[in-house]
Structure formats: C-alpha cells, structure tokens
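K.L.:
Next come the chains, spelled out residue by residue.
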Amino acid sequence: MESNKKYWKGLEELQNSTQFVENNKGEFSEKLPIEEVLNEAGLSTVAPRRDFLKALGFGLGAVTLAACNPAPVTKSIPYLVKPEEIVPGIPNFYSSTFKGQSVLVKTREGRPIKIEGNPNCIITKGRLSAQGQASVLDLYDVSKLKGPAYNGNTTTWPQLDQYVKGELNKVQAGGKKIRIVSSTINSPSTKRVIADFVAKYPNSKHVQVDAVSYTGIIKANENSFGVAALPRYRFDKADLIVSFDADFLGTWISPVEYNRQYVSNRNNTSLKNKKMSRHIQFESGMSMTGTNADTRIQLKPSEQGIALMNLYNALGGTLAGSKKLTNANAEKSIMLVAKELAAAKGKGLVVCGSNDVSVQILVNAINSLIGSYGSTIDVANASYQYAGNDAEFVEFINEMKRGEVDAVFFLNSNPAYDYVNAKEFSDALAKVKLRVSFADRQDETASLCQVVAPAHHYLESWSDANPLEGYYTIGQPTINPVNDTRYAEEGLLIWSDNAVKDYYQYIQNNWSANILSQSGSTWKELLQKGSVYLGEKPAAASAFSRDLNAVAQTIVNQSNALVKGGDNAVELSVYENVAVGDGKFANNPWLQELPDPVSKVTWDNYAAIAPKFAEKLGIAELDMVEVKTDKYSVTLPVLLQPGQAIGTVSIALGYGRTKAGKAAAEVGKNAYPFLNFVNGTFQTHTAASISKVAGTYELAQTQTHHTIEGRNIIRETTLKDYLKDPHAGTGKGHGANKYDLWDKYEQPGHNWVMAIDLNACTGCGACIVACNAENNIPVVGRDEVRRRREMHWIRIDRYYTFNEGGEKITEENEIKDLENMDNVSVIHQPMMCQHCEHAPCETVCPVIATMHSSDGLNHMAYNRCIGTRYCANNCPYKVRRFNWFNYWNDSRFDNYMNNEFTQLVLNPDVSVRSRGVMEKCSMCIQRIQSGKLQAKLEKRPMKDGDVKTACQQTCPTNAIIFGDGNDPESEVSKALQSERTYYVLEEINTMPGVGYQTKVRNTVEA
Amino acid sequence: MRSISLFFRSVTKSLILISSLSIASVTMSFAQDAGAGAAIFKQKCTACHGIDKKVIGPALKGVHERHDEAWLLKWTKNAPSMIASGDPAAKALFDQYKPAMMTAFPELSDDDVKNIYAYIKAEGEKPAGAPVPPGGPEGKDAAADGEVSNFMLFGLLAVIVIAFLVILVLNRVIHTLERVMLQKQGLITEEEEEIQKDRFAGLKKLSKNKKFIFFVVLLAIIFLGTAGWKTMWNTGVNTGYQPVQPIKFSHQLHAGVNKIDCQYCHTGAFKSKNASIPSANVCMNCHNYVQATDKYDGEISPEIMKIYKALDYNPETRVYGNNQKPIEWVRIHNLPDFAYFNHSQHVKVAGIECQKCHGPIQTMEEVYQYSPLTMKWCINCHKETEVNHKDNAHYDKLMAAHDQLKKGQKVTAAVLGGLECGKCHY
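Chains A and B supply the protein sequences, listed in that same order.
Under the working numbering, residues 190 to 1195 are what the first sequence spells out, in order.
Under the working numbering, residues 501 to 926 are what the second sequence spells out, in order.
Among the hints, erroneous ones may be present.
Unchecked claim - Cβ-Cβ distance ranges computed for the label pairs, FRET-style:
1. A:813 to B:837: 29 to 35 angstroms
2. A:1126 to B:872: 26 to 32 angstroms
3. A:205 to B:837: 29 to 35 angstroms
4. B:908 to A:298: 44 to 50 angstroms
5. B:837 to A:1035: 21 to 27 angstroms
6. B:837 to A:702: 33 to 39 angstroms
7. B:904 to A:263: 44 to 50 angstroms
8. A:263 to B:540: 29 to 35 angstroms
These are computed hints drawn from the structure, not numbers from a lab.
These figures come from a predicted structure and were not determined experimentally.
A virtual CB, placed ideally from N, CA and C, is assigned to each residue, including glycine.
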C-alpha cells in the first residue's frame, strides 16, 4: 500500500533546478574557498616554511601567555533577605494571562524565563501559541523606554502627572473632546478604570480598534441576532468545516483553541473510533489552515461573496444577483459542498475570514440554514477576544480633523503604523493639544505624542481578562518592573482623581465585588488557579430572519469593485501571518526567525503569486515587483506560491515597522495602507496592479534546507483506505527482515521515545519557539538563514504533493501536474533528532562527542566536540546544527543573545554553546534529568507525564507525545502501537526513537 | 613553604596559648566564684546582656548596687512571675525594656546566680581604660597571628641566609690566608698551582663522555617532561584555592565548635542544584543576639558588624535601614558552565556527606577548595560509589532489571549510566 506520490518542498526541488542541485551537492550551500587558498597564498607562496614557523612560534607563545592567566575571580552574591518562596536553582511558577489565555510563567531566581499554557485554561488547556511562547522575550527587549518621556526627553512621573492633569482640566474647561484609543480591551478592571475616567471627564469616549479587525462579524451578529460580539465557534462539534478564507488554525480569532478543537476530530483517538471530520477550504492565498484542509479550492477574493451566494442558493435560498463563478472547479465544488452541508445538518460549520458585514450576514444565513446555531456556533457564550469598531475609529479621525478633539490617549494601539493612511492620521493628530501614549517604546504613534507614559510588560503587572462569556483570567506580576514604567490604568486613575490609585488594589476590589462574589472562590484560590469560569450558558438556537436582498446587492457591487481591467491587474489580499501577526510582536527575533508555516520565509514579507500566473506576467521567483493601488504602492520580492489562486497576490501584514526596535528594523514592507475602508469596515481585499521592477532580492527561506533527497519519508493515506486497513500508507506488511550488525543497547531503565501524529500537526510552529526558549537556541538573522545556518533544533518540514485525483502516477501525469501547479496538497512534518538506536552520527565522530545513552537518547557533549561536522554530514535526517559563530558574544548577531540584559531570558539549566560545536535536539534532557531527580527525591518511581518536552508541552493539538517506551501503559507507548505508526527512513535501519503516524485525508472522490 | 609557615604558625599559636593560659590562671586565682559565673554568664546571659553595654536588656555593670541580692536572686530565676506579681522594681524594668521580657531561668541554683553576679561585679570593677576580659589577649593575638608568623618566617630565613653568607665569606678568607701562609713558607710551588688550576680537567673529560651526556640529557628530558606534564594536567585545577572573603567567616567556629548543621545555612543542598550561600537574614537568626562582644572589649565583632552594615541594621535601635548592600563573596568552587551538578542529587538522594567533596570543612578557618573538581575526580567517584537505593522506590525497577542482567555486580552510579556524557553535559 505504499504511496508513490511525489513530495517536494519547493519548486526548485520539483524542477530540480541547477541551482538546487548545486546547493545540495556539498554539505554547505556556499562554496568553501579551499582551492583559492591552495592556489594563492597556500602551498605556492615564497616562504611557507618560515611563515609556518612564525605562526607556530606566535601561537605557542600566545597560548602559553593565555594559560598563565589565573582563573578569574568569580563573585557569588546571595540574597540579603531571601524571599521565602525562592530557592536558588528551583523554578517557581506563577499564573498570568496572555491575550486572555491563562498561562504559567516559569521564573528562576526572580527572572521569568519560559511561558507555558495553564492546564486550567478552558481556551488553551495548557497549550500555547508561538507568540505566547515568544512573549517572554519582549520583557527583555532593550528597545523599550527606560522611563516616562515628555517631548522625547526623560521626565519624572510626578511632573508628567502634573502636566497631564493640568492639560486635562483645560480641555475639560474648554469643553472639547477627550478620546481613549485602544485595541480590544477585555479586561474587566481596565474597562472599569476607563469608565471611571469617562465619568470624571464626561467629554471622553473609549474607541477600540484592532489592527486586524473583526468588526464585520460583530456587526453582522448584531444585525442578525442582536448580539454585538463574536460568537464562540465549536470546531470540535463540527463534522464538516467549510472555511472561506478564514485562517482559523493560524491567526483567526483564537487559533490555539480552534487548533485543539479541530484536531480533536482528526487525531488518533478519533480515528480509532473510525471518525474524522472533513474540512474544505476556499481561499486565494495558501494559508496554514488551507494546508491542513482535506480539500482546498482556490477562490479569488472577488468571487468569495458570489460563491457564498451560490452556496446559499444551492442550500435552498433564493438570492438574486448570483452568477456562475469563472473558476469551473470552484463552481463545481460549491455544489458538492452544498450537498455535503445539507447532509451534515447540525454538524456543519461555515466560517468566513472576510471583514465585510454583508458577507458575514450571508454566512450567518447559511449557518442558520444548516442548523449550526446551538451546535457548532454558540452566540449565547460569546467571545470577547476582539471588539474593535472600525467605523468609530474612522469617525475619531474625522473628529480630530475637524479640530474637535483636544486630548487623546493611545493604549496598546499604534494607528500611525497600522491605520490605512498614516499621513492623514498624523496630520489630524497634530491638531490635538494633549497627546499621550502608553506604549512601552517610542513607536510610530508614541513618537507623535508629547507624553509617553510607558506601561509595564504583562509579566511585570497585575492584569485580568474576560476573553469568553463567564470566563475570567488573572495575571500576576512575575518580576519587579525592569524600567521606570507604570500601569496605564494607574495613570488614568491618578488623572481622574480616583479614590483608589493603586491598580492592584483596584483589581482586587473589582474582583471581589463583581467576579469572586459570583464564583465563590477566594483571591488566593484565584491566583493559584489563574482563572475563574462561571460556567457555560445553555446554547440557544438563534433564529435568523432577515431579508438578504440588500445584502446580496452590496456583495455583488463590492466584488465588481475588486475586478479591474488591464494586463497587470490583480486582486490583492493582505493577511496576518502566523509568526509576526499584526506587527505588535515585530521586534521579537524568535518570531522573526520562525519560518512561515507555508512559505518557510523568515525575516521578510513578500508578494505571493501563483507560479503559472507569474509565468504569464513574465516574473520569476525573487524578482522585485511593485504592487500598486491608487493610494499606495510597495516594492517587494516575489514568492511563487503553489496553490495561490491565479490573478491574486497576497502580502503579509505586520512588517515594515520603522520604530519598533532593532530586530524589526528593515524587515519587510508595511502592507496596512492596502486595507480598504468599505461598507463601514476595514477590508483586506483590494484591486491592485503588479509590475516587475529592476532587481532581485533573496528571501531567507528555509524550505529546501536540510533536504532529504527525494527519499520516501512522508506517508499518507485517505480515510477510506484507513477504514479498510489501518496500516494503509505506512509501507508496512512487506515483512522486511531486520539484520543487525550492532549489539543491542540494553535499556533496563527508561527508553525515551516520541510519537508524532502527522494528522494532528497543523504546522503552527509553537514547538519551534518553545524549543528556542527552553534550549537557548541562538537567533542567527536573515543573512545566516540565507546561508542555511538557522539553528532551530526542531523544524517543521512542509511538503507539497500533487493531488492524485484517482489517477495513477505516471511520468505523463507528472508533467501534466507541473502545468497544473495549483492543485497541490500539503503535509507538515516536525523533524528533530530522531535519537536513532543505530545512530549514523555516532559512528563517525572522531572524538566520541556524540554517543548513546542507556535510556535511548543520543547525547551530544558540546565541550568534547571539535567541530569536524562529520556527524551532520552523516545524519540522514539533517537535524544537526553547527555553531558558526559565538552568537552570544558577537556584535554581528545583535539579535538577542549578545546583549547582557536580554541574556537574562536564557535557561540556566542548558549551556550556551560556543562557536565550533555541533548541537541538536536533546529531547529536553534537562527536563528528563530534573523529572528523574524529583522522583528520586520523592522516593517513587517515575510516572508517565513527569517529563514533558518543551515542544510537547506547548503543542496546541497534542501532536507530539514523549515518554518512556519501556512503560507499556505510557501515553507514548500506546500512541506508537497505533497501526498508523511508521518510522522515517526505517529502511536504512537507523532504528529511530521517534515514530510518526500517517497523515489521513478525508477526501471524497468526485 | 606552606608547611613551614604552618609549622611556625602552630608553634607561635601554642606559645601564645601557653602564655595566655598562665596569665588567665593568675587572673582567675583571686576570684573563684567569678570564674564559674563567667561560664554561666556567657552561656545564658550574653544573648541579651552586656556588662557595659545595653543589648536587649540593660547593661549589668553596677547591678548589685541597684538591687539587693535577694531581689536579684528571685528576679534572675523567674522574672516573668515577678512582673506578674506586680513587684514595683520588676514592673519598672519591664516597662523600660518592653516588649522584651527577661527569660526565666529556674534551672539555676542560688550559687550559680551568686557566681554570675560575682563575675559581673568583678568585670564591672575593672578600670575602664584597660578591661582585660578573660580570653581577650588570646583573641587579640589570634587576629595578629598571621602577621607574626610571616614576619618570623622571613626573619628566620634572612638569618639563615646571612649566616650562610658569613660562613662562605669566612671560609674564603681562611682559605686565602692559608694559601698566603703556605706560599710564604714556600710549601707550594708554581707547578702545584698549575695543577691546582686544572682541577676541572676531570669534568672536561667527563663532558666528552658520550654515555654520560646521554644519561644527563635523558634525565633532564624525563625531569622536564614530568614537570611539564604535571603542570599541563593541572592547568585550571585550583585545589587549595583560598581567596580572601569579604567577611572572615569561620567554618571552624560555626560548623566545628558550635556544630551547626550544614543545612541550617546551606538550605539549598537538600532541595536544589545550588547548596546556596545563606542570605544575610539567615545570619541574623543568631547574630541578632550573638555579637561576640566579649572578644572585642564589649564592642560588636567587626566581622559581625559587616553583616549589619550589609543589611543597614542599627544594633542600637534594632532597626533596618534602606541602604542595603549585598555581600560579595568570592566563589571558591567553580565548576565549568558546561558541567551540570546538582547538590540535592548527591546530598539527599545519595546521602553523601558534605565533607566527601568539601573536605574537613569543620576545621577550616577559611575555606579552600579541597577537591580538584576535575572530570576524572567525578568519574572515579561515580565508578566506586554504590548507589544508595535502599528505601527508595525509584530504584526498585532498575534494581530488579540490574539483578537480572548483571547479577552480583556492584551497583555503582556508573553502572546505572552515571558515566554517560549527557548526564552532566547538556
């Protein structure tokens, strides 16, 4: 049953371009100048012997002198008064809240060093996204302000308070408006502080706006059901998920929650019960969600609304104005989807990423038709994760333009960067007399304000959130404020002469009065648990009864507006990518170096277009192109993205920050000005033109690094085949005999192994960042990534393959496929050291720096390694990484590790590697050792779950399971017993310790 | 050199000890009572009282003039009951020193109390300019001990060298004089002198002997090689490293004499990878009261003052200030960063004595590095030491497996994978 599918990581690999072949010939992509050395200054020089002796003499002398240096005096400074709860060397965990999700913060000697999900959290269930993992690094960001600033100069808090209060009184007396502009605030206490402020200054108003807006859904829900909030989507209850451009696994609303829900119907447990959901994705660009879809259909943005109308009609609606889609494939699929949705009544779910109110009303109508409300969509238990209102914000700008606003406060909001027209905004802002920003740095907006009152990082402060109806989370400080910062709330409390000026006291009062009284728990219990859930309200089946004709008319008009004539016309959509998001985290080097889940590009954004379309336009990969609308244009390199809809271009938001700090500087271009304010919301689609300009630009793309030379390492099957034979696709059953040259290792104690479910992995990359944080992995920067020197211990390989469509794989078909580049499906495969029992790396190391342990691990002794790199060359999985530089002490790598302050984030249990040594995944051996020690101290045997690797702990979908293979009851042993298990490159008999489970696709043969 | 200096130190120490003892015995002979009282006073009273100085309770100089003996007897043995009974003098004292209340000492006999007051009286009557508390000279000289021995050592060396030079010069002079005398007597001819001049001929001949040269060179190579080899191997090995610490903390006094358990201060050793240097608040548990005033003329010991200074603590008002400065100890045991060592694993799980690695710490006046801390040293111990698996359920399964595989073999840390690179290097 072995599949003959061809898998490829990038177009260059598929086409086997000369460049690609050349790059993969040697161990290193760039040419080593051995011959030049030999020819020029090497053997043929005039007096090599003398030079040699000189060098030898100098070297010997230098070494001797260096050795004379006595050991440096090391100071050891204990606490003067040790806090009772701190034992040096033992981490403490505090619950906090990140974006409304309850998290646990690991601190060592008072420094937060790692963030994990809180198992009590109903959103994440102990898992965390890549951004959540990376947020700890922001605490140690050196670009932050050291204290309050007035007109760019440092000032003191009392002076600042005096000034702001004086100005506010003047504004109040003058009767002009005061505005507080923020991104979504779902903190009950902050909301109350703002309400108190508004009560004191009745001319003020709170305006919420999100960089990436969800106003369309909120407004549509208000229109349809009278509830102005996001509903709670329940992907776990859906058997059939149809998504129109909604990247719900990557960035849409609450990805960690959706990942978990989504995979709960597709993982091992579900498959054992012979159940698997089906996911159909209609989209223009290839999103992370699209890569996971069972069936993915390209759809231009202009046809999205029409397709939804057609779907509505096919489900029994009667909407005027619908027409056939130009894309015959999509047209056919819509009809099939309608049939499937009708069949899955009450178990279907249609989501749409559009921010257009009309489109979302139509989606509501469709969901109502298929009976989603009350089952897969819960309006009663609303989500408050986003609450921005675009129209209010635009109105605020108009107010400023008219000179009606005399004071404005920016709280966690940066319109000078993410508003469509920065110039319009800054001109309007200039008319405001008092401009205050609470930004932690002189960002784009803060630098336009007179007063910057930097707020604490969330790890330095008390905070709370109400992300879901009835669900409240609390955040406690884990470190004293590093800089002279202050709560934004405290500022507002002081300026509004509130009776309580201490925000901690304020939060406590608010909780005991409003939340704890309902839940009946105490403040201490709350801090221990991190959150309070007042319980789910019964889901009500909401009735939809609106006339859709006006809506349909708007949709048709808008889709017509997206189509422009001309050869170079394209439909442009801007999107949030998984790593950098909306740009708030742009100055986080971990996130910048996290490869995009689909394109595997780091440190840049780009214009993604379909290969066939590029051919038509005469554009090659990495050419610079100008993408232009009537308002704005950018010049970006081109990335040929298989699966991208023809005639469309996608550009990621969140790049092109100018004042975020070192890491974000000169990274990509700002795409926010491409947003389109139509119909009361900011929309991500717009009509544009694309034209080639001079020059090329090499993107730092990791996609074909560490390639495995076309070996058969991906195994997949379809649900149909799986149900017939659970072994389907694993390549087993050939009865291959195993021959062994080596003695078997005795593993009497533990045998640490790992199981990775390819059907659960969605490719989100949280594991990569978690591993970075846990194992002190250096960030190498764009240039080094281009040289294939990224250091990530775990990578997620993304493979494309052509959809078989029931046809046999023949050479002719393959050629046909090459033309039909759009019809691809994708598989994500996490790859890290496989801890082979017969490790090829071990046998070639001349200094025995890497060797096997009695508990199944492949150890790497850094201090023994001399850097021959033989092991990396001999590793069939290409998982070993070489330290080309002292990243922690090299001004060229001014990313994070070379800064003394930022070094505080390093995990003290893992050594920072020096230049010239190899490193690789250790299966978090520091966690294994500490778990073992804990069991020894407690005089008990180890139990399953004592040790979790960093990647396993954060994985939102539980795709990675680690444990003791010698314990038949452990989760990992059970997972590995699955019929779907296979080992990568099993045939070369390396006997890896990591087992993979086949990818299963729930495809329906047309 | 070290051993010589140590020898001298011990000699001077014992000399001083003998002399001070004899002085002390002379002092003590005229006040038997006071001598016995001194011991009890130190044991029971010094935590709260000084002779000339107010500590927690009042200074006791002249106390026998303030109260009569019967009252003092009663008060000392059970002060709380006296306060409770409403004795006016007791009440006045209590009000003055509130909230501290004098502890009851029912275990003291009347004689004991009398002895104590005899001691206090004797101490109080000593002239203020030259108070010589027993043990005072000892303490003082001990402080100067190091300087004395060093000075003596160098002096002695100088004397020896000078004596040697004098002998050499004298020898030469005698030789010349003898020759002159002989020449005058005509007993030595020029020829003889010629022969005399050529007395190095033997050496010259020897230098042409190839066998001899070979052996000399061989010896030199062996000697230099061994020396070089040894030096190289010991590069970076700092056994005996004994840096000067900011506070002259004596483990000999705390762990040796007072027998304070190691864990009392190094609390991390049982729980954490770091044994941890105690924070100053741990010192204050005792040094709130223990101020060694008896050794420093009633002043607080300068070393203890350093703790107070670090904490910005005022011993008079017993108030902590804000100007606190941490104590910067010099680290003695420097394991390289790439080697992971966990104290709790060794101390708690394996039950190893601190002294196994840190040496006779209870005898160290100043701590020095006892063990080489080389990998060879670690490995040797892992190879030799049996795993402490008794009563630890963690090892049950492993032991069963081990019995099956390698029955009878000693279960050392090495056998259980204690030599694998990744156990310490990650």
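K.L.:
A separate judgement is required for each hint: does it hold in the structure or not?
P.N.:
Do the hints match the structure? See the list:
no.: 1; hint: A:813 to B:837: 29 to 35 angstroms; verdict: 46 angstroms, violated
no.: 2; hint: A:1126 to B:872: 26 to 32 angstroms; verdict: 28 angstroms, holds
no.: 3; hint: A:205 to B:837: 29 to 35 angstroms; verdict: 46 angstroms, violated
no.: 4; hint: B:908 to A:298: 44 to 50 angstroms; verdict: 46 angstroms, holds
no.: 5; hint: B:837 to A:1035: 21 to 27 angstroms; verdict: 25 angstroms, holds
no.: 6; hint: B:837 to A:702: 33 to 39 angstroms; verdict: 51 angstroms, violated
no.: 7; hint: B:904 to A:263: 44 to 50 angstroms; verdict: 46 angstroms, holds
no.: 8; hint: A:263 to B:540: 29 to 35 angstroms; verdict: 45 angstroms, violated
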